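Novice: Keeping the supplied structure of chain W fixed, place chains G and S upon it in accordance with the hints.
Top line first, the protein sequences correspond to chains W, G and S. If you count the first sequence from 1, position 291 lands on 1528 in this note's numbering, and the numbers rise without skipping. If you count the second sequence from 1, position 41 lands on 55 in this note's numbering, and the numbers rise without skipping. If you count the third sequence from 1, position 61 lands on 82 in this note's numbering, and the numbers rise without skipping.
Because the hints were derived from the structure by calculation, they are not lab data. Computed from a predicted model, the values in this text were never measured in an experiment. Check before you lean on any hint, since a few could be wrong.
In silico SDA-like cross-links for lysine to any residue, where the CA-CA straight-line distance does not exceed 20 Å [as the list claims (entries may be wrong)]:
{"id": "1", "chain 1": "S", "residue 1": "433", "chain 2": "W", "residue 2": "1342"}
{"id": "2", "chain 1": "W", "residue 1": "1339", "chain 2": "S", "residue 2": "375"}
{"id": "3", "chain 1": "S", "residue 1": "398", "chain 2": "W", "residue 2": "1426"}
One side only, chain G facing chain S, incomplete, derived with CB under 7 Å [said to hold, decoys possible]:
{"id": "4", "residue": "26"}
{"id": "5", "residue": "51"}
{"id": "6", "residue": "53"}
{"id": "7", "residue": "58"}
{"id": "8", "residue": "69"}
{"id": "9", "residue": "71"}
For every residue, glycine included, the Cβ atom is placed at its ideal position computed from N, Cα and C.
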Amino acid sequence: MGEMTPEVAWAEAMKFENRPNPYRYFDELRKTPVVHVGDGLYVVTGYRELMALAHDPRISSDLRHKKARAAAKAGSGSESDPIEAYGQATSMITSDPPDHDKMRRQAMRHFGPPHTPDLIPSMEQGISQLCNELLDKAKGKTRIDVVDDYAYPVPVMVICKVLGVPIEDEPQFHAWIHDFMAGITDMGPDAATEAGKARRAKGEASSAAFIQYMTGLIQGYLKTPNDTMLSKMVNEKGPDGPMSPAEAVGNATLLLIAGHDSTVNTIAHCVLTALRNPGTVELLHRRPDLVPSAIEEVLRLESAVQFFPSRSALADIEIGGTVIPKGSPVHLMYGAANRDPKKFPNPNTFDPERRDNEHFGWGSGIHTCFGGPLARLEVNVALDTFVRRVENPRLVDDPPEYRRSNVFRGPRHLFIDFDGIRE
Amino acid sequence: MRLVVDLNRCQGYAQCVPLAPDVLRLNGEEALFYDPNPDDAQRLRVLRAAASCPVQAIMVDFKDKGRRTAS
Amino acid sequence: MSTSTLASDLVTSFKTTGRIVIVGASLAGLRAAEALRNEGFTGKLTLIGDEKQEPYDRPPLSKQVLKGWVPADHTLLPRSRDIDAEWRLGVAATGLDRKKKTVRLVTGEEVPFDRLLIATGVRSRPWFNKAEAELEGLFTIRTSDDAGRLQTALAAKPRRVLIIGAGFIGSEMASVCRELGLDVTVAERADAPLVGALGGVIGKVAAEMQRDHGVDLRTGVSVEKIEGDAAGHVRRARLSDGTTLDVDVVVASLGSIRNTEWLRDAGLATGFWGVACDAGCRAFDIHGVVTDNIFVAGDIARAPHVLYEYQFLSLEHWDNAVSGAAVAAHNMVSLEPDRKPHLPLPSFWSGQFGVNIKGVGVQSFGDQVVITQGSVKERRFAAAYGKRGRIVGAITFNHGKWLEYYGALIEKSAPFPPPPPGYDEPVDAKPVPAEFPDPRTPTALPTVVLTGYDPTDRAASFAGAQA
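Only chain W is shown next, with the shape it has when bound in the complex:
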């Protein structure tokens, strides 16, 4: 490959054409685990360094710090950070303690333990039923799109039910989310092209419409409460009180997107990875007890959220042989650090029984995935059901066509051929 500067390696890693495999460029970047890639941006691809920064209280997730910096640079002609559009509505992912902690508690109060320990477990039966119904629909066929025909419907149904978003409106917000992902979460050079700018404009318009929709939904719950999570969040009378409507819109948006997109990408990546590694489907069918660790290994290899571009340094931070200057944006590259050979022997090998698999597929530190347990339940059941019932699945294209986003990375379609669907 020859010598590659960090700037070039970063741009290559972010290019759409490299979406199926950005990892060789991450390896190149990782030669300097914390490195400046231009425009004041620092990118972290080393495991140890990422772990340290994800636990460092001088690293902020609050987009207002980034906005201030962008405003300061406004005169220099550089693009303001596209992810700002995402941050229009405050949510926990773009906040710091104490606000972050309070929002997360307010949301968790009606989602999981300690206050609501039974909600997620109670979803298992419905998830299983839906997975089976989707495979029943595939009987008599010999080809399906794992994304549209299997991976997509389950998380959507589940998150809409949990949050209290009407499933009938799904086609509408599906389109908005698609535009947002394609237009606003492409951090690479393709975004600067004419086509990229057009996608960006569409993404911003769709984001605005999406937020307006969610605002209406929340307003409705303030007037007419029910027993869904969103309604409870804004009508809460417990120790942290109700979440403000504005924050509820931001967090609801976050949870709907994450519950939609990242989970779908994970299920798709599980099938893709299994089929890329011959014998895996048979192994998981024979040894269903290996499914949970196989899923974590897929997340290590193909993290559904590759990074989340909200962070910045609030002080000079000495790390990885360099100093990140105060005010610098910092990207913690989960997908890249997950392949650090210093932590993971044979990092590019899929090992469903890998030991000490402390990967960053769900993030790290206080922002670790909020919906992780629910997502895992869905992926476990989906993968269990798939390996049990789909006979002789084979990939049609490898690599498949990928989505635009380099943040929320996943296949746009995943066509497989198969012999039949078992009972």
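Specialist: Leaving out everything else, chains G and S in the frame of chain W:
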């Protein structure tokens, strides 16, 4: 079956608790209490919970993992 | 033949034909046995334990077992592999003959060894009044048998429980009592709970936590007399503040005694704080000369720690048992230069009153404390301890995700106070004296104690007046 949680490693992410709710419970918002020797019927749930831990704090007996040796 | 070939032949030969005996079949003993097999030791392995149960985990005993959720005999430890060892459970070791290289058992048998691991841990300090200690309803808690009896007693809905000693275990038990809806009085000689381990500033927070949950906490108070009824059951306790309580259950949580009696005549550096060993887990003899074939791990060990000015650390911590056992096992089948040091960063946790308290480093080595993140009022915060401008320890209350950041600072002997966080700075972020008790004041023994420089030093400077 047998498990032990390294509660020094545990940072209270609680990714595990909803996956094995009869075995793992939160006491307050962060402290984990658990049943170290639950019924074998909990095995798959405990394996899901153990896999979910970002810091791999849950150790399951090698026999309960279907292995011959080593965790 | 060069020394290095000789050494490597010795190691190979020992790994296949050596005999290792581990005295103490609890957490440290079990993990050492697993580690030995992982190291490729295929020789004869014997584990000797005075309790009849297979190795089991103790921390759940004061929490979910007492609560009644988990039976007392349901904390058996999982294993990472087959050990292929001879197990002698329910048999106490009564002596060690270093010349003959044998361990004597209570049965009179002598068990030979080439190398020995001492992992006999600690037992509960009994109530100091022997007659009162015989009363029904007066408990100490260390073993699963203890926990089973106490669990039954709590389930019988006693009128009031008296807990003597507000260290971590005593506080956890008080918390369980309140969760069970029981009236509980805690009597603590020092000014506050947890004060030996965490100092008075944090002790004050712990005291508020207890009182907010309805504990009748009496500090600066000792128990002068415990009275029973005609049937020999606890009924009343008289406190030094002049009050008398009607109590049906008394738990004495007064700290631990190291199980070194069986080593009395062995000529090792044993004392009040356990068996002194080097940082490679090899025991010192009584003269301070390191032995070759006797190793120590777990609660009974005390070893010099470079981060704490080479003072000997005696740790009653779960992870110290696990990591010490692994290092001891490795060193038992290695020679120079392959031996490793056991340099734990001391860590502990405690679940009480809905709060997860976690700690790293040696808080009591510090003389200043500063709240670094969060809110003490909400009981969600991080705090750091410093000595002479360096950070030596840290704790979190329901703020555990931040602890490893401070752990990294401690390992580097980073400056104290640490740099301010970028957000969530506490209302009062100034370092203040940590208010550790005068070592001459009697209090519950902290679980980490620095015990001087001399390996045979019996200086019980933290023991106070209690026997």
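Novice: Was the hint right that residue 26 (chain G) lines chain S, CB cutoff 7 Å?
Specialist: With a minimum Cβ separation of about 5 Å from chain S (threshold 7 Å), the hint on residue 26 (chain G) holds.
Novice: Take a quick look at whether residue 398 (chain S) and residue 1426 (chain W) sit within 20 Å of each other, Cα to Cα.
Specialist: Judged against 20 Å, a Cα distance of about 48 Å means the pair is violated.
Novice: Given residue 58 (chain G) was flagged as interface, is its beta-carbon under 7 Å from a beta-carbon of chain S?
Specialist: Hint violated; residue 58 (chain G) Cβ to chain S Cβ min 16 Å, cut 7 Å.
Novice: For a C-alpha distance cap of 20 Å, please report whether residue 1339 (chain W) and residue 375 (chain S) respect it.
Specialist: Holds, at about 17 Å.
Novice: Against the 20 Å threshold, does the CA-CA distance of residue 433 (chain S) and residue 1342 (chain W) hold or violate the hint?
Specialist: violated (33 Å)
Novice: Report holds or violated for the interface hint on residue 51 (chain G), using the least CB-CB distance to chain S and a cut-off of 7 Å.
Specialist: At 4 Å from the nearest chain S Cβ, residue 51 (chain G) passes the 7 Å test, so the hint holds.
Novice: Restraint: residue 71 (chain G) near chain S, CB-CB cut 7 Å. Satisfied or not?
Specialist: violated (11 Å)
Novice: Is the hint on residue 69 (chain G) kept, meaning its closest Cβ partner in chain S is under 7 Å away?
Specialist: violated (9 Å)
Novice: How about residue 53 (chain G): closest beta carbon in chain S under 7 Å, or not?
Specialist: With Cβ-Cβ at 10 Å, over 7 Å, it is violated.
Hint compliance for this structure: hints 1, 3, 6, 7, 8 and 9 are broken, all remaining hints hold.
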